[in-house]
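Chemist: Going down the list, the protein sequences come from chains H and Z.
Each residue of the first sequence is one higher than the last, beginning at 1391 in this note's numbering.
Each residue of the second sequence is one higher than the last, beginning at 161 in this note's numbering.
Hints listed in this document are in silico derivations from the structure and should not be mistaken for laboratory results.
It should be emphasised that the depicted structure is a prediction, and the values quoted were computed from it without experimental measurement.
It is possible that part of the hints are untrue.
[To be verified] Label-pair distances were calculated between CB atoms; the ranges are:
1. H:R1746 x Z:D207: 53 to 59 Å
2. H:L1688 x Z:K244: 45 to 51 Å
3. H:A1516 x Z:E240: 17 to 23 Å
4. Z:A203 x H:R1807: 51 to 57 Å
5. Z:K244 x H:P1505: 36 to 42 Å
Glycine residues also receive a C-beta, built at the ideal position from the N, C-alpha and C atoms.
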Amino acid sequence: MSSLPELLSDLGNRVRIEQDALLCADHSLGAVRSRVLGLERRPAPANFRHLGLPAAGALGAAAAALLGLHLLRPAPLGVTVATDHRPIQVGDWIRAGASKVALDFSDGTSITLEPGSRARLEAIDAVGAGLAIETGHADVQVVPGRGGHWHLSVGPFGVDVTGTRFDIAWNPEAEELTLDMHEGKIMVSGCVLGDGRPLLAGEHLTASCRDRRFQVVRPNTALSDSSAAAEVAVPADSGLAAAATSSHAATDALSSAALGTPQRAEGAVLLPDSWQALARAGKYKAAFAAANSAGFELEVARSSAEELSLLGDVARFGGSTDSALKAYLHLRRRFPHTPLSANAAFAIGRMEFDQRGAFAEAERWFANYLAEQPHGPLAREALGRRMEALDRAGNIDAARAVAQSYKSSYPRGPHMRLAERLLEGR
Amino acid sequence: MTHESSAADLLPMPNSGVARLSLPESDEALVSALCNGRPDAAATLFDRYAVHVRRVLARVLGPDPDILDLVQDVFVTALESIHKLDEPRALRAWLTQIAIFSARTRIRRRTRWRFLRFVPSEELPELALDAVDYDGSEALRAVYRALARLDTDDRIAFALRYIEGMELSDVAGACQVSLATIKRRLSRAQTSFREAARPEPALAEWLGGMP
């Protein structure tokens, strides 16, 4: 006698064979295909016949509202080849043969591929685009101050850009990334660069995943990280020479370069054990100790906006909320109305929320960020955090108002569950 | 970096210019194309997996007039939430999970209707079977009548394991539960199905051989 599972398998086989024959003879999927492709960007349809008219009506209204929101969403940027204005679509490959190919985006951003380069447009929306550079060299000029968010994929590396100008090159054979910053600041991530390293104006980056090394060089300066590397190449005329100088001389150089200019380190010498170098290596506790050794107050007083932002992060990750607050507040006083100042507001809000549990204070800082950078890269997080802070502070009516705004702006955002709970009155 | 870099090498591209690729074979690349809003990606997803989704639904639900609506639901849901798919290589398994979820909802909705009509479930004919002009054999219909008397989750596990012929681990993945849970469900389902099949003459042949 067969076992029960064997008998059931036999029965199941018979059912399967018969079902497959019936399904093969049914050609109704074509009609479903048309419906799906016509509905693909709308909310999932409900099976109205099981819900009754009131529920169906409510769902219909909700669907209409969602569709309305969809239509109200800002249109994605346009992009064309500069020479012939040919439109580019997501998924298109762009190749520069013997001559350059410039891509013009409708917000004024321009990305020019040098001869021999090849890239693919991976994504585009209302505030930016994603471009994968398969090989070659590109000159990137992103228009600043528009809350844009651009992402370049370069081999195993990623480059996040808000507004800046730089040259980037990727050699897939050598697996080497090179990047020259001309203006602004970008974040480079991936492989030996981990979750992200800032790169400032004037800096030159080379990074190789295969060789497990990277190097950031400024005029007369080299900062390198060996934490993930087997060996680190440092030009003889830069970092090693700098290492031979005294920390006092280095501090003087930093100090004199800092006065009166936000690019204080341009042309200055940074020691590998300076707080900046340690911070860029992700060693925040060591960086905070180094900043304290150098005199935290002094560092705050003479730092550029970028360095103040970094110093605040160093103190925060180093465990000192008070020092972080000092750096961030100084940044906001000295460099008001800048994206970094807004970022400092967000960071303060986060500290008030996470470290101090001061929810009303936190809400005020998140609101400040949103007022200064309504479309900034942290806007979604700031709005969500603001809603959460209001909720925690017991200001439910205000939290609901923010929840409505959040739901409209970020229906797939990470705070959506909280927004729905607030809107449902739970 | 991208899934299509090798395909780009084969392109007959001009000296300089723009080339449009046909969609690549891999699920990772298809997911990437969907996330990026590539216009032809949704059609490719449907063409690649519609038959699979309909088959999974048919295995679980049996003859049901709403299967095509459910296929539509599955794909619209998938297109709306493709960005939530963490592992693009698991696209097929993910679609299977959505299909199972839809089927479970459908079964439970039927059960609620029975409850609202205050009629013992065993006295009710299957709504779906009444509603469709279905030309399957009596044995096939009897199997699904018997399955309709099982607990919903036990029924799904039974259908995927014995009718679709899936491996235990795949059944667990499709139902998003542990292997141990699936084994328990199957054990219950075997016993329940044997009891539920007794009143079905068309299944007497199998029942006769059952231990």
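Chemist: Please flag the earlier hints that this structure goes against, numbers listed from lowest up.
Modeler: Those not satisfied come down to hint 4.
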